[in-house]
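Hey, can you work out the whole structure from these sequences and the hints?
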Amino acid sequence: MVRAFEKRQPMPESFDSLAADLARFQAENVPGYSRLCAARGVDPRFISRASEAPAVPTDAFKVARVFAFDERAAAVTFRTSGTTLGARGVHSMRDPETYDAAALAFARAMLGIGAGPRAPVLVLGPPQDEAPDSSLAHMCALLSRELGAPETLDAYFVRDGRLNVAALRSRVRSLSPDRPTLVLATSFALVHLLDEIGGEALALPRGSRVMQTGGFKGRSREVSAPELRASIALTFSVPQRAIVSEYGMTELSSQFWEATLVDERARPGIYAEPPWARVVVVDPETLAPVPDGAAGVARIEDLANVDSAFAIVTQDQVRRASAGFELLGRLPGAPPRGCSIALDEILSGSESAP
Amino acid sequence: MNRSNGERVSSVRRLLAAAGRVYERRAKLVAAIAESTGLSAEGVELGFSYLERGASDAELAALVSGVSEASHVHVILSANVFVAALRALTLAVAAAPRVTVRPSVRDPWLTRALVDELAEPAVEIVDERDPAALDADSLHVYGRDSTIAAVRSAARPGAAVLGHGAGLGVVILTGAADIDGSAERIAVDVVAFDQRGCLSPRLVLVEGDVARAMRVAESLHRELSGWGLRVPRGRLEPGERAQARQWTDTVSFAGRAWEGADHVVGLGPAGEAPTLPPPGRHVHVADVATLEHAAALLAPISRFVVAVGTDDSAAVRGVAPPHARLSLLGRMQRPPLDGPVDRRSATDRKI
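Top line first, the protein sequences correspond to chains A and B.
Just so we're aligned, residue 1 is where the first sequence starts under our numbering, counting upward by one.
Just so we're aligned, residue 1 is where the second sequence starts under our numbering, counting upward by one.
Since the hints were derived computationally from the structure, they do not count as laboratory data.
Treat each hint with caution, since some may be false.
From chain A, some residues computed to sit far from chain B (all C-beta separations above 10 Å) [claimed, not checked]:
1) S17
2) R40
3) A60
4) V63
5) A73
6) R94
7) L147
8) E227
9) S340
10) I341
Some chain B residues near chain A, calculated using beta-carbon distances under 7 Å [stated by the list, open to error]:
11) R3
12) R245
13) T275
14) S302
The structure presented is a predicted model; accordingly, all values stated were derived computationally and were not measured.
We put the CB at the ideal spot given by N, CA and C, even for glycine.
This is how it looks when you write it as structure tokens:
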């Protein structure tokens, strides 16, 4: 599918057909998935459409092995940053080739990168050697390696958790004005940058693009998406439509991107899906699809998750929009009706004494 | 602040007597409390059985000596099980000759009934929302940490703010425990208040292997099924139902889940960290090789653990969080009236 997408050819197989095959494979090889199917009253042998396959909750990645192979065969292991009772989510892969091919193909498409000369790449995030189990660091390294000009490899400006503004300023000033640049940045690094430089401009060459990703997770102040986009645009002297957000998660092998760089009708805040992954908005209690336009949680069907769970259900609230979906934030916890502690209060890691 | 301990105990005893009279007329309150708490009518009736109507001299002596005296305590109640209003008021009247109280907006009924029945001018309802407008020299705040922090930041200078936050209960079963008898008593602790109290057990750690933990889970499932017929679970809010779905599917994937009409019991993978279930009669059972293993699994959340239930207090005392109330099974929701149910604040300061 990825190759067909790159060559703009018709998909070789239907989404449902591949999904059904994957569901059966995973039920046979991932013991937890077999148990989940049984608990939900689903016989994997009779799954014929993606929607019939139970989705694995993202919390399962924190407490159980979600992979279809011997743990010793894992070539890559990504871990979530959040913890539940001390456990981090784990997503292992025998071979990252599918992950890399899918990530690269859709990134190229959404960044509008064709066959021209490679662009300088600046990464406002940690290098892979500092975050070897971060899927985000892996993706940034992949994009930098595959899309970046050779002389800009290893252009990481977050080291030991600190953004090196002086080095970034120097690098930006040394960029040739006729070479559009690609900036790959975490949201909190961008906020740190804005806080440090105040109103100073770090103008990028004309035609440059910025990808931002990730939440704030307490590592910087929180800034609304429109405000952050406007501030970045001013700082880097790029149009707001040249700033695109990427939405991904450790438990997935595919990512979703805003399409404002490549589709003039696309709106900021609406994420496009690659042909091999889709977001279905479901009711958080019944897990049944909601009517178009209604909010629910994201059930994500990712055909690149071959060796783990092709369907997962998240706690991210979403809503369908034309040509994609809108991200509405985390599903809020239930209001307390007693002094029994809520899950979100434990997960918030509040250190204040009661 | 010149009352003798005897006077302070007397004020608590008058309040307990008022609670006894409220208890006798509880039928008038059941429907309103069921509506506000979400408990079933049977659940409210069961909850009333946990309302303290008496206490020993030793318990009250401990309660009075454990509170810091003030001239005026204002009690702010938000998220609590409904009978907790009584203990909050006993601590306040033990501390100060003048007590004002702001009932929970969602669930004011028992607080109002207690204050009306006590009928003492020095104890009254004050619905003031702004902590800065209160002239009390001590604020006792019950609710989530965020609520306590908000009151603390808004209180007028000089006012002491004493917080009682949210928490959870845990059961630790030793290798010698009788499985069916223990499950019967754990179910009693789970069903009360639909597990919405900070004393309610949500995790059951079973010393032994996974087969033994499974027998506990199966037995607990049977017990909770029986309770569901006698005392149906009340309504769950949409957010609670969503959390329950997520947790049930997670534990089904990781281990096994027994779903009843009004409860779910989950069994985690052998020896692994448990998944914390949401309130609403959801219990996670996990095996632990030793009691020290139980302590290690609890370490990441030990500061939230308010109560530990067990079949053998002597064996478990050394591994339970030091601030947690330690009770025998079936008694987790009935701590003696010797101070706040949540002792975490008392480890740093008297309340």
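How the hints compare with the structure:
no. : hint : verdict
1   : S17  : 25 Å, holds
2   : R40  : 8 Å, violated
3   : A60  : 4 Å, violated
4   : V63  : 5 Å, violated
5   : A73  : 20 Å, holds
6   : R94  : 20 Å, holds
7   : L147 : 37 Å, holds
8   : E227 : 24 Å, holds
9   : S340 : 4 Å, violated
10  : I341 : 4 Å, violated
11  : R3   : 28 Å, violated
12  : R245 : 5 Å, holds
13  : T275 : 5 Å, holds
14  : S302 : 11 Å, violated
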